[in-house]
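Undergrad: Listed below are the residues making up each chain.
There are 4 protein chains.
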Amino acid sequence: MAVRAAVAGASGYAGGELLRLLLAHPEVEIGALTGNSNAGQRLGTLQPHLLPLADRVLEATTPEILAGHDVVFLALPHGQSAAVAEQLGPDVLVIDMGADFRLVDAGAWEKFYGSPHAGTWPYGLPELPGARAALEGSKRVAVPGCYPTAVSLALFPAYAASLAEPEAVIVAASGTSGAGKAAKPHLLGSEVMGSMSPYGVGGGHRHTPEIVQNLGAVAGEPVSVSFTPTLAPMPRGILATCTAKAKPEVTAESVRAAYEKAFADEPFVHLLPEGQWPATASVHGSNAVSVQVAYDADAGRIIAISALDNLAKGTAGGAVQSMNIALGLDETTGLTTIGVAP
Amino acid sequence: MAVRAAVAGASGYAGGELLRLLLAHPEVEIGALTGNSNAGQRLGTLQPHLLPLADRVLEATTPEILAGHDVVFLALPHGQSAAVAEQLGPDVLVIDMGADFRLVDAGAWEKFYGSPHAGTWPYGLPELPGARAALEGSKRVAVPGCYPTAVSLALFPAYAASLAEPEAVIVAASGTSGAGKAAKPHLLGSEVMGSMSPYGVGGGHRHTPEIVQNLGAVAGEPVSVSFTPTLAPMPRGILATCTAKAKPEVTAESVRAAYEKAFADEPFVHLLPEGQWPATASVHGSNAVSVQVAYDADAGRIIAISALDNLAKGTAGGAVQSMNIALGLDETTGLTTIGVAP
Amino acid sequence: MAVRAAVAGASGYAGGELLRLLLAHPEVEIGALTGNSNAGQRLGTLQPHLLPLADRVLEATTPEILAGHDVVFLALPHGQSAAVAEQLGPDVLVIDMGADFRLVDAGAWEKFYGSPHAGTWPYGLPELPGARAALEGSKRVAVPGCYPTAVSLALFPAYAASLAEPEAVIVAASGTSGAGKAAKPHLLGSEVMGSMSPYGVGGGHRHTPEIVQNLGAVAGEPVSVSFTPTLAPMPRGILATCTAKAKPEVTAESVRAAYEKAFADEPFVHLLPEGQWPATASVHGSNAVSVQVAYDADAGRIIAISALDNLAKGTAGGAVQSMNIALGLDETTGLTTIGVAP
Amino acid sequence: MAVRAAVAGASGYAGGELLRLLLAHPEVEIGALTGNSNAGQRLGTLQPHLLPLADRVLEATTPEILAGHDVVFLALPHGQSAAVAEQLGPDVLVIDMGADFRLVDAGAWEKFYGSPHAGTWPYGLPELPGARAALEGSKRVAVPGCYPTAVSLALFPAYAASLAEPEAVIVAASGTSGAGKAAKPHLLGSEVMGSMSPYGVGGGHRHTPEIVQNLGAVAGEPVSVSFTPTLAPMPRGILATCTAKAKPEVTAESVRAAYEKAFADEPFVHLLPEGQWPATASVHGSNAVSVQVAYDADAGRIIAISALDNLAKGTAGGAVQSMNIALGLDETTGLTTIGVAP
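Protein chains in written order, with full-length UniProt numbering: chain S, 1 to 342; chain G, 1 to 342; chain W, 1 to 342; chain P, 1 to 342.
Derived from the structure by calculation, the hints contain no laboratory data.
For identical chains, the list gives no copy identity; a pair is met inside one copy or between any two copies.
Below, in silico cross-link-like pairs of lysine to any residue (SDA-like), each with a Cα-Cα straight-line distance of 25 Å or less: (1) Lys-184 x Asn-38; (2) Lys-247 x Ala-297; (3) Lys-111 x Glu-253; (4) Lys-139 x Ala-217.
Excised from the complex, chain S in its bound form (with noise of 0.2 Å):
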């Protein structure tokens, strides 16, 4: 029997991703689509590279539209989804694919967001340690950010292995679409094509508490979290470049040894051959990430690099994945590791 999925906030990016991953999700019928500034408008305006929905028109997100489904992915902004989930009842899958329910430690949500903490959810990062166990089952998921998957399995086999001290340092570049899909001047094709630039740096970006708590619950221990994000030229990918501060007995043989045993058995999860690197081009589309890890002896860090798709693995893809889990469905149903290059 198929799952029944309602999508609320079905115009955006990571709305637009989502129903692209479930028309291909043989088990999942798409129920109710809402948004509400755009309700009333066919989706083929909205979303006009998803053909089959293409005369589906957008309902306002109302419990009685959002009711009667196996499944209801929020892509609300945050602060929205706590208000939802709690009129869609306990027996409903509810996947936050918000910021809301990913932090477990309420004055880093305060501090970040400004607003009240909204409560923990099961964390939709399966990869993690302890994390797919966490899933199944669930009736809520509370999907992560974008950059904290591309950091979080980047550098999480360095502390589960103990090779790396409590001080990382993490550039990222993000295709703009992790901007969302608001207009915004400095989002226009004019300002970001040839361009490269940071923003909230010296740790003001809001996925910074997110990777603090994902790294420091694997190394057992706080770690220094320094995160620059960046906007790149290009509608989608995250390169991850994470370093951390190596501990002494460290090798190149250790380093390596402990990413192939932390990705031996992960579907989505590609330690790349030695002397190859990730591109973001190879995962567009895909829900694949790909990692390198190199160790340099001269500096004393080892420099693991993640490339992925930040509305597929990194936002949608996700949040399917955890829904496979949760329903007890193959966990690599409906999704591909197969990118669209070049």
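Take the given structure of chain S and dock chains G, W and P to it, following the hints.
TA: Frame of chain S; chains G, W and P shown alone:
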């Protein structure tokens, strides 16, 4: 029982896209993969986006390697397909993604390609009048060029409905993958980003006689074609702006009606609602073609514009669609009308 | 003695480019800079590439602020220039970079702009027959639109030499800065990167009557114009592919000769050597226009292609060139034919 | 009297940019232009953006051709400059835009370049402490690498003010022109558009020892440097995100003060106002470097970010700036701080 498919020329862009589609095709099992200059290399190095095939190694293109398949796709430089096809025997479905068997007129072939004409195979653009029937059960298919696909689909309804004079002016923009994977200075990223430039101007492009052939066959008289291709700063996609002088009695309504009729039952050609225009991003990675048409009464011309993915519907998707028809499978098997956007 | 110049509308792309050029102009001193919605903001925030002006603050556009200058450039939304110009008095050189005073035909203005016609000023495309003389000493200049500049320069030699029938088909690709700096969803980087799309198809673009006017004046008879603009994934540049039906007696040699004659003494229009085609990258930031022409005997058409920088020669550079002529300075003062490439 | 300048290696990107700048330099007359594989070709074909030089023809790089100039710029592959320089005599100003004479440590040279060390010339980064004085009157200049220019300018103030521990982690993104004009498959437009990828990870990039040298000289002690370069989908520009572990007593104010002091009198380094961050688009074509700095108290690191044009200030602009100093001209002659944006 699975259809066993070999790909000769698996290291290039057309071959890579074909493999991407075949991996998603439920009836196909991927067999031999060959490439001459790249024989012996891992596909993971050559096509890093095709993770499920990463450990496959390219073999040399020999009759022995290609033997024992139900379908052999040829993604070879022009002039090489005939020799390979002859060795494969008449019972193997051979699908040539190159130019060798597209043209009916041997003189046009020799003028534009400078070599002896190899022959003419059923033409793999099923949407053209009569083409689908010729493909059914055929053991040989000539996949159309990417520009002729975009242009013929945009303009044939006007000629089929006798709305246009035999005088077409076409300007098309293509992504750089249309120029192939061979490293040439003018195709460097530094050169193409931020730049639009024409090439093959004045009737010199090799796709011109193919367009002339297709439009003329539908019009039932020779059609004069002015075709100017341009290189656009994007990896994929063709936007073809196709205009034809309108016959005196033409109206906006008669034009619209002709296009609605032509595409009413086509699974992959999507006539957009009035007021919406095609964009290549919407068909990125998809087998769909977006078409829109207008009648400019002041200029007395019909303007039909199509957008497609040059590697998908323009090459590899068209090849798979034709394979489906030739083998008696449902025409849409393994193909999608969903683009990867933004 | 320096020419004192004010710029009304200094926060947009046209205004920014104008300031870039005026900063390099040896005879100009930059005076008042105004902008309505941005009044009070630092130019360093609005135009961060103009470091020498970083600490200048925009003022509101008032007669008092604009008074006391030798030249006032208007980079305002259409419909606003007439009111400002009237207040400036007849002795001030007023150069309107908007559309208000370009068209001679009041009916065409009203049809395309939907507001009363403000009048007609000398047209700032000195390369057109007769245009330079009309600009000398003039106190009012209407700067041409970017597309009309590209198209008129590409096609007028064919009409001036009576080589072309009055039937032109034009397709042009423009960088996104041509659409301005106002934040609109379809101009987001996520939407435009990797995408080509048309707009204003079927004769609807406001530059159509201006092209009709320019070509008709040279031809001495009405010219039918089919004009299709497309948006290309680059910040700057126009590539205009302009074709006209050739008169019967035309030859490749007569076409070449006409173009060589037309541009022989032009400092900014560069007819490329035979075999070389224009690319927008080559004129990035430059006031030069690259032109090439071919005669397609099979199609019976002349194909003339031009590349220019829409913000430079297409707007601000054209404005400065006209200012030089109007003031009696050397026409090339402060302008360059050197592009910034790659 | 004009300075007569020759350029050896005029067909590449560095040579082209140098010519662009020299054409605008009021004291320079362009003399011999050489290139080995391209000797005999028109510059109009090789560098179509340099219209004033279109009819110049490249000559072979020989001592006779290079004789009789006041300045000879060498834009040659590494390892070739020493032989050419020796033939030029001690009175000619020789400015090497390659790597041959940048490093002091012969062992580092041999480790990273695999050839004998040619020597060390005064280092053409005048903003570094002591560097300007060494350039005055010098007849030999080693132009820095593009990454070392961006990184050293971003981080030296922190070391000069003793605010940083000798432990730097740097991730930089470069436009593709930094990889040169030689056609390589991974640099094709199809490959780089839409993709970010790292290279030379783990300390392997040849600019690493140059960064180590510069920072160590300012710090007065060896600085450990983790440097990761990445390739960004844009033709020009470097964005360098440079972090250093902060000393215990550091505050946001002391960091800001150090940077204000370091750049107070620098004509080309622009410390942005607080809250504004560099973007490569703002310095496109300009000799300016935009810098901003933050202190992340949570992570205990200083984050300094610089943006420059890799071909301008990062190569050819730096070369001209050094030439000006060496010849006793005003350091800013012929150079601009105005970018070409958007």
